Amino acid sequence: MSNPTPLLELIDVRAGYARPVVGPVSFRISPGEVLGLKGVNGVGKTTLLKLLTGEARLFEGSINRPSDLTVAYHRQRPERPPELPLTGREVLRIAAVGTDRLPARMAALGHACLDEMSGGEFQLLYAWACLMGPARLVLLDEPTNNLDQVAIDLLLVELEQLSAERGVLMVSHDPQFLEDTCDRIVSL
Amino acid sequence: MTLSLAWDPLFRLPLATGLLLAIALPLLGAFLKMREQWLSGLGVAQLAAAGGVIGALLHLPVILFALAGAAVGGVARALTGAARNEHYAVMLLGGWAAVLLLARYGHDANMTAMHLLNGQLYFTALPHLLGAALLLATLLASGHWLARRLLIARLFPGHFRANRVPAWPHELWLEALLVGGIVLGISTMGVMATFAMTFIPPWVAFRLARGWMRALLLSALLGVSACLAGFGAALALDLPFGPTLVAMLLLTVPLRLLPFRFGRSA
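Chains B and X supply the protein sequences, listed in that same order.
Positions 1 to 188 (my numbering) are the ones given, in order, by the first sequence.
Positions 1001 to 1266 (my numbering) are the ones given, in order, by the second sequence.
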């Protein structure tokens, strides 16, 4: 059986900013797959994600992705805009996430404004918005930061039910979360 | 003057122009506040005023040079990328100094500088009214598209680059609306009143409203209320409109201290 067309393929990639900070590294993500990246601090895990969002620079190698690939990017430290009167439900709608059948934990955040949420609640909302939106490739950078176990379990359930057309590239310092959620793990 | 003058045909056009801008400017200000660029309203206004004074010095159309000055501010905003309020402080100081220094070199320039800085709502003409109506209609027609893209960019930085979707259409459109709104504002209300209209209503509304649409509606409501109150007070007490409007807007600031938000919380 032939491999499906990958959502993303990195071949001998060296990436960085003013100079390379990571690589050469190669991997591919197929539809339905959750791929984890692990490694010590500063090894360049986040840089690889930022390469895909255009914030880091490709020095060598190549990146292959379908021209119509849609991407959602969960940042390591999501910026919470000060005093922006958006409710949780509005944030989800902006991210094109359905709000009709939200889990109780998410529904509770639906009518709260961003500046009324705790750091963990905002992190959960942000990760949920990226994960449950329509993007075919989801980049998750440390999605479990500041989350309690109930919130982590919520993300676990959704990652286990990932659609066969979508893929996830995840960076995490939580080895158990990587083990629990990823089909493959790449060490940098 | 008395308050009954507000219904005089002579004052209807200025009042209508002011009310249209009292809706449009707070809505534009809400976009700036959302992007943490609230000071840019004053920076662009001062540069537009400087452009207008240069036009007066050269005996060329003031409005075109004001638009050019505002456009320079827009280009500066675009070129500085994630521009911060420090950049806008430099713009406003530079524009303010240019206005007052250039005004020294000619009578027309001096008159234009005073008109643009202090406002001249009672002397607005039909083009101002039509411009304000066109601005508001355009803003309302494109507001949903523009707000959605600006909010995505604010909440999910990198979204457009990651998806290879150009961000320049909404960035350019916001600049165009802002340039048009600011130039109409300074040529009718004056520089500081225009800034106050872009800054105070959204600042108060963002604190009080629960939800984006409620915040926009409250911003516009505060702007219209302050405009009506300022117009009436200026006529009744024979005061200049610009500072009276700013005073009315400042009266709304204590609303930020209310211990609740408008809208459903659970």
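The hints are simulated quantities; they were obtained by calculation from the structure and are not laboratory data.
Just so it is clear, the structure is predicted and the values come from calculations on it, not from any experiment.
The beta-carbon is built from N, C-alpha and C at its ideal position, and this holds for glycine as well.
Fair warning: there could be bad hints in the mix.
From chain B, some residues computed to sit far from chain X (all C-beta separations above 10 angstroms) [said to hold, decoys possible]:
no., residue
1, ALA18
2, LYS38
3, LEU52
4, THR53
5, ARG75
6, GLU83
7, THR87
8, ILE94
9, ARG105
10, HIS111
11, LEU154
12, ASP180
13, CYS182
Per label pair, the in silico range of CB-to-CB distance [claimed, not checked]:
no., chain 1, residue 1, chain 2, residue 2, range
14, B, PRO82, X, ARG1164, 26 to 32 angstroms
15, X, LEU1130, B, LEU69, 31 to 37 angstroms
16, B, PRO134, X, LEU1251, 25 to 31 angstroms
17, B, GLY98, X, LEU1058, 54 to 60 angstroms
18, X, LEU1079, B, SER62, 52 to 58 angstroms
19, B, ARG57, X, ARG1084, 21 to 27 angstroms
20, B, SER187, X, ARG1164, 45 to 51 angstroms
21, B, ALA108, X, PHE1260, 17 to 23 angstroms
Some chain X residues judged to face chain B by a derived CB distance under 8 angstroms, without partners named [claimed, not checked]:
no., residue
22, ARG1012
23, MET1034
24, ARG1084
25, TRP1145
26, ARG1148
Hint-by-hint comparison with the structure:
1. ALA18: Since the minimum Cβ distance to chain X is about 17 angstroms, B:ALA18 lies beyond 10 angstroms and the statement holds.
2. LYS38: holds, 22 angstroms
3. LEU52: Violated, because the least Cβ-Cβ distance between B:LEU52 and chain X comes to about 6 angstroms, which does not exceed 10 angstroms.
4. THR53: Violated, since 4 angstroms does not exceed 10 angstroms.
5. ARG75: violated, 7 angstroms
6. GLU83: violated, 5 angstroms
7. THR87: At about 5 angstroms from chain X, B:THR87 fails to clear the 10 angstroms cut-off, so the statement is violated.
8. ILE94: violated, 5 angstroms
9. ARG105: The claim stands: B:ARG105 keeps its Cβ more than 10 angstroms from every Cβ of chain X (closest is about 14 angstroms).
10. HIS111: Answer for B:HIS111: violated, closest chain X Cβ roughly 5 angstroms.
11. LEU154: holds, 20 angstroms
12. ASP180: holds, 26 angstroms
13. CYS182: At about 21 angstroms from chain X, B:CYS182 clears the 10 angstroms cut-off, so the statement holds.
14. B:PRO82 with X:ARG1164: 26 to 32 angstroms: Once the Cβ atoms are compared, 30 angstroms apart, the range 26 to 32 angstroms for X:ARG1164 and B:PRO82 holds.
15. X:LEU1130 with B:LEU69: 31 to 37 angstroms: At roughly 46 angstroms between Cβ atoms, B:LEU69 and X:LEU1130 fall outside 31 to 37 angstroms, so the hint is violated.
16. B:PRO134 with X:LEU1251: 25 to 31 angstroms: violated, 46 angstroms
17. B:GLY98 with X:LEU1058: 54 to 60 angstroms: Holds - the Cβ-Cβ distance for B:GLY98 and X:LEU1058, about 58 angstroms, lies within 54 to 60 angstroms.
18. X:LEU1079 with B:SER62: 52 to 58 angstroms: Between X:LEU1079 and B:SER62, where Cβ atoms are some 31 angstroms apart, the hint is violated.
19. B:ARG57 with X:ARG1084: 21 to 27 angstroms: Holds: the Cβ-Cβ distance is about 24 angstroms, inside 21 to 27 angstroms.
20. B:SER187 with X:ARG1164: 45 to 51 angstroms: Given about 30 angstroms between the Cβ atoms, the range is violated.
21. B:ALA108 with X:PHE1260: 17 to 23 angstroms: Since B:ALA108 and X:PHE1260 have Cβ atoms about 19 angstroms apart, the given range 17 to 23 angstroms holds.
22. ARG1012: With Cβ-Cβ at 35 angstroms, over 8 angstroms, it is violated.
23. MET1034: holds, 6 angstroms
24. ARG1084: violated, 14 angstroms
25. TRP1145: Cβ of X:TRP1145 sits 13 angstroms from chain B, so the hint is violated.
26. ARG1148: holds, 7 angstroms
In summary, the structure is inconsistent with hints 3, 4, 5, 6, 7, 8, 10, 15, 16, 18, 20, 22, 24 and 25 from the numbered list given earlier, while agreeing with the others.
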